[in-house]
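Colleague: From first to last, the protein sequence lines stand for chains A and B. What the first sequence shows, in the UniProt record's numbering, is residues 1 to 263, in sequence order. What the second sequence shows, in the UniProt record's numbering, is residues 1 to 263, in sequence order.
Hints were generated in silico from the structure; no laboratory data involved. Note that beta-carbon positions come from the ideal geometry of N, C-alpha and C, so glycine has one too. Mixed in with the good hints there might be a few duds.
[As the list claims (entries may be wrong)] Some chain B residues near chain A, calculated using beta-carbon distances under 8 Å:
| no. | residue |
| --- | --- |
| 1 | Asp14 |
| 2 | Val99 |
| 3 | Asn100 |
| 4 | Gly128 |
| 5 | Leu155 |
| 6 | Asp238 |
Protein chains: 2
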Amino acid sequence: MLYFIGLGLGDAKDITVKGLEIVKQCSRVYLEAYTSILTVGKDALEEYYGRELILADRDMVEQEADEILKGADVSDVAFLVVGDPFGATTHSDLVLRAVNAGIQYRVIHNASIMNAVGCCGLQLYNFGETVSIVFWTDTWRPESFYDKIKKNRDLGMHTLCLLGEGRKIYEPPRFMTVSQAAEHGEMTWETICVGLARVGAEDQVIRAGTLRQLASCDLGSPLHSMIVTGHLHPLEVDMLRLSVATPDALQDLRMTDSSTYTS
Amino acid sequence: MLYFIGLGLGDAKDITVKGLEIVKQCSRVYLEAYTSILTVGKDALEEYYGRELILADRDMVEQEADEILKGADVSDVAFLVVGDPFGATTHSDLVLRAVNAGIQYRVIHNASIMNAVGCCGLQLYNFGETVSIVFWTDTWRPESFYDKIKKNRDLGMHTLCLLGEGRKIYEPPRFMTVSQAAEHGEMTWETICVGLARVGAEDQVIRAGTLRQLASCDLGSPLHSMIVTGHLHPLEVDMLRLSVATPDALQDLRMTDSSTYTS
């Protein structure tokens with residue numbers, strides 16, 4: 001059996017009891033090492049699990065999948081993934097290879113950023129398509145995420161923006177020119193956003209305010225993500241007020257009708 | 001401290017190690033009893049946790065919140081929620097009451113249906129707004145979810161439809177008249193959908209096919225949910241083919257351009 005086991009978002013103890021039991025009895029345990037990070041490293045996980053972990057980077061999963069699957073038809077192999085195995089990144093390719101090789105698989109779910117963002121008080125129901133924001137270089141400046149944010153906002157939906165490792169939300173000039181976005185009509189410096197860092201960890205930080213206010217917030221070490229809000233329900237506003245970026249943040253929200261705020 | 005602890009989706013062992021440690025040391029432990037169910041009951045949880053659980057139904061949480069919060073400023077109280085505490089249903093009201101009473105709170109995340117649906121092979125990135133489909137009665141037939149499915153499909157997005165307890169997806173006439181939906185243009189009997197039952201449990205069932213094919217599938221006991229697909233990436237189709245509702249399901253998918261399928 002090939003087990004895909006989610007590790008959750010914080011530290012070694014965020015694995016489920018079921019997941020930990022499986023890790024302890026598998027013949028080999030791989031740790032997927034390319035999509036996300038915990039607040040603790042491989043050593044801490046090995047010590048807590050009492051098992052040696054084999055780091056599986058992207059190349060290994062894509063090019064040496066047979067090595068991972070070896071023997072999984074007659075013994076148990078675990079593939080550990082930060083968050084949920086089918087969260088922000090899926091492992092469909094490895095699943096399909098396993099099935100084609102006659103190997104059964106099972107998923108042990110856990111929290112991922114895709115559902116844990118609900119802790120900021122915005123309703124998961126009201127999120128549209130999630131976007132990934134990649135590093136801009138001098139020659140590569142993909143803008144497709146603008147359109148997705150716009151489509152979501154046009155429908156009143158919030159947009160979860162996943163920022164790569166090393167990305168800090170207080171460096172907006174490095175991933176977007178806000179004035180450009182404003183030209184497109186997607187958002188302005190006054191759009192209400194939520195910055196999240198290390199969600200699920202002991203030292204998680206959530207800050208809500210205008211993009212302008214967030215731009216001067218230091219949320220500390222990665223991982224960071226950001227939500228561009230759509231229409232806000234009053235209860236959502238009340239929750240965001242628990243995490244204001246500056247003392248005066250969110251004070252300018254105007255009630256536009258009986259049930260929604262906008263900015 | 002008031003702890004909101006997610007229990008995940010399957011059985012008693014789907015709690016995280018961190019969550020279990022907290023449950024064992026809290027002075028009182030409540031079990032939220034109105035939004036969802038595990039495959040095991042309160043008794044099994046009490047036996048596994050070694051703790052008495054106080055069932056908190058919707059009335060109690062809304063009207064006797066003070067009772068739940070009592071003493072949480074000086075001792076630890078746990079509030080257990082199937083799935084994630086901020087998944088399909090949020091507990092913003094209880095959070096706000098706690099904060100207003102000067103009580104700190106912390107969230108121990110877990111998988112919820114909102115992210116675990118990724119196990120069917122559809123990319124979570126590509127889901128639009130989630131909809132809840134409620135029971136229709138002779139006099140109350142809300143149709144707002146049609147519009148949301150249509151908006152998502154117009155954008156090529158998948159729609160997760162949460163069906164209430166007791167709802168079976170093979171009873172479509174009871175929650176929607178498909179011919180009605182077809183009139184609106186949202187979907188037809190030939191739209192590719194995915195039926196999911198007991199996601200995360202040992203006996204979970206996933207079935208993919210046209211709505212017509214799914215209508216004759218018995219997925220067994222609750223909880224059920226359904227995904228109405230938007231545009232399908234070839235890798236998503238490959239994954240769905242692992243879970244076909246009938247041997248010939250998904251065979252008619254036509255490739256419309258280099259990267260997407262439609263039905």
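Colleague: Would you mind marking each hint as holding or not holding in the structure?
Modeller: A quick look at each hint next to the structure:
1. Asp14: holds (5 Å)
2. Val99: Holds - the Cβ of B/Val99 comes within 8 Å of chain A, reaching about 6 Å at its closest.
3. Asn100: B/Asn100 check fails; min Cβ-Cβ to chain A is 10 Å, beyond 8 Å.
4. Gly128: holds (5 Å)
5. Leu155: The hint holds - B/Leu155 has a Cβ within 8 Å of chain A, the shortest such distance being about 6 Å.
6. Asp238: holds (6 Å)
Comparing the model with each numbered hint stated earlier shows that hint 3 is the single one that does not hold.
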